[in-house]
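Engineer: Sequence:
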Amino acid sequence: MKKIRIGLCGAGHIAEVAHIPYLTTYEKYDLVAVCDICEERAKDFAKRFNIPHWFTSVEDMLASVELDAVDVCTWNAAHAPCVIAAARAGKDILCEKPMAESLESAKKMMEEVNKAGVKFTLAVPNRWAPQNVSVKELIDNGALGEIYMAKGHNIRRRDTPEGWFTDKRYAGHGCIIDIGVHRIDSIWFLMGCPKPVSVSAKVFTAIGDFKTKGITRYPGRKLDGLVFDIDDAGAGCIKFENGAIMIFEVSDAINGPSTSKLQLYGTKAGVVIDGDVTLYGERDGYLTDEKIQTRRGTSYEFELKAFADYVCDGAENKYPMDLAIQMQAMLEAIYISSDTGNEVKIDDLI
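Heads up: take any position in the sequence shown, counting from 1, add 774, and you land on this note's numbering.
Just so you know, the hints here were simulated from the structure itself, not pulled from any lab data.
Note that the structure is predicted; figures quoted are calculated from it, not measured.
Certain hints may be false.
To be verified - Mimicking DSSO-like on lysine-lysine, the simulated pairs with C-alpha atoms at most 27 Å apart in a straight line are:
(1) K882 / K1119
(2) K881 / K1092
(3) K776 / K802
(4) K969 / K881
(5) K1035 / K1092
(6) K910 / K925
(7) K893 / K881
(8) K976 / K1035
(9) K1042 / K1065
(10) K910 / K1065
(11) K1079 / K910
(12) K1065 / K1035
Please construct the entire structure, taking both the sequences and the accompanying hints into account.
Structural biologist: In structure tokens:
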């Protein structure tokens, strides 16, 4: 079996805890190189995970080692440079969410990927979450009927990441683009990815750089001169061409209880995903609440396997470029709507 000779861009937390476990154990991958702008970090990462080669730039990695693909796990603003370099070198690409720090950068990525004709998948892990995959199967089999309304909540009471995550120069934006994308994308995926039409939304920085005691925060890389200028809460509504709507609420810091939930309402039944999966319907004229047992595994496991199957075996691309651009446009529209106070048409952005 031919393995994918893959290079990893970025030796940060998401690479270590989410991608490395499968890049180093799944039989279709041969992890041969890692690059990171911090030399010591790249060197240490290569040593700890037995990666043969390390570099301090994606350009050096692509020029020095024979690769089939790259896995981009850098901060958001570095996604575009890494993807563009890989595309120009003719390498297939897996890119962590969000696609980029801005729609402008995402469009440049699309242009280069399409020009090169390489394979590209956006890695939004909840699309592969066992609960979501099981519910999608139910939906595709008609269990919910026509989905006309959905709600997503990703509310964290005090969980704003540290380091580069708080600085727009590196992150692009805050909680909406970082964790909101998980709920927004999950709902969109379960609805069948209907064409987005418009967005009305508002984001806030109400809590800011909190100093709450007893809180452990996600460890983004600390850099000199970082500022805190990102959103920590937001809510809004996305309308779709088929008449359906999505309502979302997101926060990294808010004075309320933490909750993570998806709710989809269909003409035959509805579903709530909150760790468990519960189907709300009727049977023999009576209301029913039915618990659904889902498959085992992790979202990152299935995500990395899906990319390998796509590259090696020509399997379906689970998150192609056209959908990635639409998702980036929805995220961009949220911030434009918040800034202007107006509903934003997606076609005006794409």
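Engineer: Compare the structure with each hint and give your call.
Structural biologist: Hints and how they fare:
no.: 1; hint: K882 / K1119; in the structure: 21 Å, holds
no.: 2; hint: K881 / K1092; in the structure: 19 Å, holds
no.: 3; hint: K776 / K802; in the structure: 7 Å, holds
no.: 4; hint: K969 / K881; in the structure: 18 Å, holds
no.: 5; hint: K1035 / K1092; in the structure: 23 Å, holds
no.: 6; hint: K910 / K925; in the structure: 16 Å, holds
no.: 7; hint: K893 / K881; in the structure: 16 Å, holds
no.: 8; hint: K976 / K1035; in the structure: 20 Å, holds
no.: 9; hint: K1042 / K1065; in the structure: 16 Å, holds
no.: 10; hint: K910 / K1065; in the structure: 15 Å, holds
no.: 11; hint: K1079 / K910; in the structure: 18 Å, holds
no.: 12; hint: K1065 / K1035; in the structure: 15 Å, holds
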